[in-house]
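Start from the sequences, fold in the hints, and give me the full structure.
Residues per chain are reported as follows:
Number of protein chains: 2
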Amino acid sequence: MTDLLALPSDVQDLLFREARTANAFTDEPVSDEQVAAIYDLVKFAPTAMNSQPMRIVLVRSDDARQKLLKHMSGSNRDKTESAPLVAILAADTNFHETLPRTFPHFPGAKDFFLDDTAREHAARFNAGLQIGYFIIGVRAAGLAAGPMTGYDATGVDTDLLEGTGLKSIAVVNIGRPAENAWFDRLPRLAHDEAVITL
Amino acid sequence: MTDLLALPSDVQDLLFREARTANAFTDEPVSDEQVAAIYDLVKFAPTAMNSQPMRIVLVRSDDARQKLLKHMSGSNRDKTESAPLVAILAADTNFHETLPRTFPHFPGAKDFFLDDTAREHAARFNAGLQIGYFIIGVRAAGLAAGPMTGYDATGVDTDLLEGTGLKSIAVVNIGRPAENAWFDRLPRLAHDEAVITL
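The listed protein sequences derive, respectively, from chains U and C. Sequential numbering of the first sequence, starting at 107, is according to our numbering. Sequential numbering of the second sequence, starting at 107, is according to our numbering.
Keep in mind that the hints were calculated from the coordinates and are not lab data. This list has only true hints and no planted wrong ones.
Covered stretches of chain C, as calculated for chain U (at least 3 residues, CB under 8 Å): (1) 159–165; (2) 230–241; (3) 292–303.
To list a few chain U residues with every Cβ distance to chain C over 12 Å, as calculated: (4) A130; (5) T132; (6) D133; (7) K176; (8) R183; (9) K185; (10) P190; (11) D217; (12) D222; (13) G261; (14) A284.
Just so you know, these numbers come straight off a predicted model, no measurement behind them. Every residue, glycine too, gets a C-beta built ideally from N, C-alpha and C.
Right, dumping it as structure tokens:
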């Protein structure tokens with residue numbers, strides 16, 4: 107059915123069909139310029155009220171990496187220890203502060219999010235969308251992502267994000283995949299399980 | 107910085123740079139085959155424990171469209187009334203039932219999600235990721251998406267999704283964009299606002 111798509115077949119493979127969650131990486135570093143190129147691409151994808159709450163926290167220093175490793179679960183710890191680049195993807199619970207600039211035609215936008223609970227909910231939902239875009243962006247850079255939610259989020263927020271208003275949502279290892287970086291492809295739901303018509 | 111990406115420049119435009127949230131569409135229908143091609147592409151993108159909780163609920167009948175319109179807010183109602191295809195993107199709170207098949211190497215996966223609150227949280231988070239992938243998939247089909255969160259989710263869940271275990275997260279209009287389908291591009295956060303190094 108690929109002829110129903112405007113996306114060239116080799117790009118379908120790059121972004122979706124052959125792209126895989128990597129569990130091991132080569133030593134090749136991932137540069138700040140590569141991260142910037144990914145961000146400059148995926149920043150255009152939509153969020154509700156253009157809220158853009160996702161923050162990409164690059165864990166570059168040894169000290170930060172060690173702090174993070176303490177909070178990773180089981181086999182995620184080893185992967186995170188050896189990955190060329192590790193990023194904490196977080197939701198900025200103070201995202202409403204930028205709405206007067208990013209959503210200027212609705213001056214009341216910021217006041218729409220004065221309730222802390224509703225604001226954190228919106229931050230987490232829209233950052234979740236952006237994590238989806240970001241994973242596609244990593245693949246668009248020819249790299250592999252290894253997103254993980256198996257870690258102690260409260261510990262990470264306390265040890266690495268204290269005072270920033272950021273709440274971690276996922277940790278992502280990024281790099282060139284090593285040989286045998288993948289497990290077997292797991293089954294996907296059939297069309298009729300995922301698509302329902304009313 | 108596009109040379110740092112493996113994705114061809116015209117595909118960067120198709121998926122991100124020139125793709126826009128459409129507010130008006132042509133009359134050209136969107137077929138079930140197009141939706142199937144989109145699903146068959148984006149189903150491969152990752153979710154935690156391969157949980158795949160997103161359901162694409164196509165609102166095809168007049169009756170369902172009228173029920174949905176009642177719950178859309180303000181200007182979203184007109185857009186939703188005229189779009190060639192409208193989909194409710196929902197989280198299946200019973201996603202854990204398929205884990206024995208989709209995550210077979212961890213037989214305890216289903217029991218990991220016996221708590222209703224934690225399971226709904228996981229369903230919503232992973233469905234959020236998948237909504238991000240789905241929007242990219244709509245664009246990969248050469249179509250435009252108009253995702254909306256401005257609607258009464260409780261009303262939609264009661265009137266259209268009762269008894270299914272599905273919780274609506276977003277409503278998306280899909281089709282070929284009409285002329286003047288866009289507002290001006292809104293500002294994106296600068297790199298240094300979104301990318302932080304520790």
